[in-house]
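Q: For the record, in the sequence shown the residue sitting at position 39 is 23 according to this note's numbering, with numbers rising by one throughout.
These are computed hints drawn from the structure, not numbers from a lab.
All C-beta atoms in this analysis are idealised placements derived from N, C-alpha and C, irrespective of residue type, glycine included.
Please note that a few of the clues may not be correct.
As the list claims (entries may be wrong) - Estimated spans, in silico, between C-beta atoms of each pair:
1. GLY158 / MET191: 47 to 55 Å
2. ARG196 / VAL14: 26 to 34 Å
3. PRO123 / PRO219: 15 to 23 Å
4. ILE152 / VAL214: 33 to 41 Å
5. GLN168 / ASN74: 28 to 36 Å
6. GLU19 / ARG266: 19 to 27 Å
7. GLN168 / ALA218: 39 to 47 Å
8. GLY18 / GLN265: 35 to 43 Å
9. ALA37 / LEU122: 37 to 45 Å
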Amino acid sequence: MSTMTQTSSPTANRSAVGRPAAPSSVAIFVMLVGERLRERRLSPVIWGLALGAMGAMIVLIWPSIEGSVGELMKSYPKELMEAFGISGFNTVMQYLDGELFGLLVPLAGAVFAVRWVVRPIVGAEDAGQLDTWLAMPLPRRTLAWSTYAAAAIALAAVLTIMWAITMITSVLAGAGVSAGVLAQALVNVMPLSMFFAGVALLASGAMRGANRASGAAIGALFAMYLVDIVGKLAPDYADLRYATAFRYYGSVIENGLNATHVGGLLAAGLLLALLGTELFQRRDV
């Protein structure tokens, strides 16, 4: 009996030593984030160049209208200006705020984040790829959270490219854009966009079909924006704004970066992502 034990133990040990260790959850997470960024690496560049071109155009236009746009704004209804967060166009930063950060950039950032979250989950499910991925030792939670993280990194790349193009144009045109204030305004876009990325992950966990999930998330985006505008224009409905993410977005250029609102939106987006991850964990694929 002792002889058999002695001869079998080295074999078992050699088998255990020769077997490769399974990758950790952190290693799988990092690998998936990197894969998401590699396979869609052109997307942040294209979006960043497009938004950067818009910023450059605003900066280039400013010197030619600087003397007249202030007088023109006096004829605009005060309520309408307040609804869109415009206090005036007396500086190039206010002009950027009114033309880009009041509507275009936050909506574009949110739509970008939604698309990045939906495609690798329900988009892959539509294409029949998700079954193959989940047949491997790939936890659903890791797949979902890596998608959310990759969306955040890609969005940060978009906003960084926009910042660089706008600042280079400002220096060349002598427009006087503040690099620090512009950076804060772009940072302020991140929490709002990632809130709707959380909505997209919630929709992806709750339903099948990329079109359905994208439609639900983008529908929520525009519905909240419209409710926020109505609340600004009609005082009787002002309390409805507290239920919208745009109530906590605000203007950094006019009022500075509100750390409480930034933290609240980030926490709400993470909570929605957590709920979406658990729904995705439980539903049939």
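Q: Would you say the C-beta atoms of PRO123 and PRO219 sit inside 15 to 23 Å of each other?
A: Between PRO123 and PRO219, where Cβ atoms are some 49 Å apart, the hint is violated.
Q: For GLU19 and ARG266, compare the CB-CB distance with the range 19 to 27 Å and indicate the outcome.
A: Holds: the Cβ-Cβ distance is about 25 Å, inside 19 to 27 Å.
Q: Given the range 37 to 45 Å, decide if the beta-carbon distance of ALA37 to LEU122 lies inside it.
A: For LEU122 against ALA37, whose Cβ atoms are near 39 Å apart, the range 37 to 45 Å holds.
Q: Range first: 47 to 55 Å. Now tell me if the beta carbons of GLY158 and MET191 are that far apart.
A: holds (51 Å)
Q: Honestly, do GLN168 and ALA218 meet the 39 to 47 Å range at C-beta?
A: violated (31 Å)
Q: Is the distance from the Cβ of GLY18 to the Cβ of GLN265 consistent with 35 to 43 Å?
A: About 23 Å separates the Cβ atoms of GLY18 and GLN265, which means 35 to 43 Å is violated.
Q: Regarding GLN168 and ASN74, is the given constraint of 28 to 36 Å on their beta-carbon distance met?
A: violated (19 Å)
Q: For the pair ILE152 and VAL214, does the Cβ-Cβ distance stay inside 33 to 41 Å?
A: Check passed, 39 Å falls within 33 to 41 Å.
Q: Kindly confirm whether 26 to 34 Å is satisfied by the beta carbon distance between ARG196 and VAL14.
A: Roughly 30 Å apart at Cβ, these two residues keep to the hinted range, so it holds.
Hints 3, 5, 7, 8 from the earlier list are contradicted by this structure; the remaining hints agree with it.
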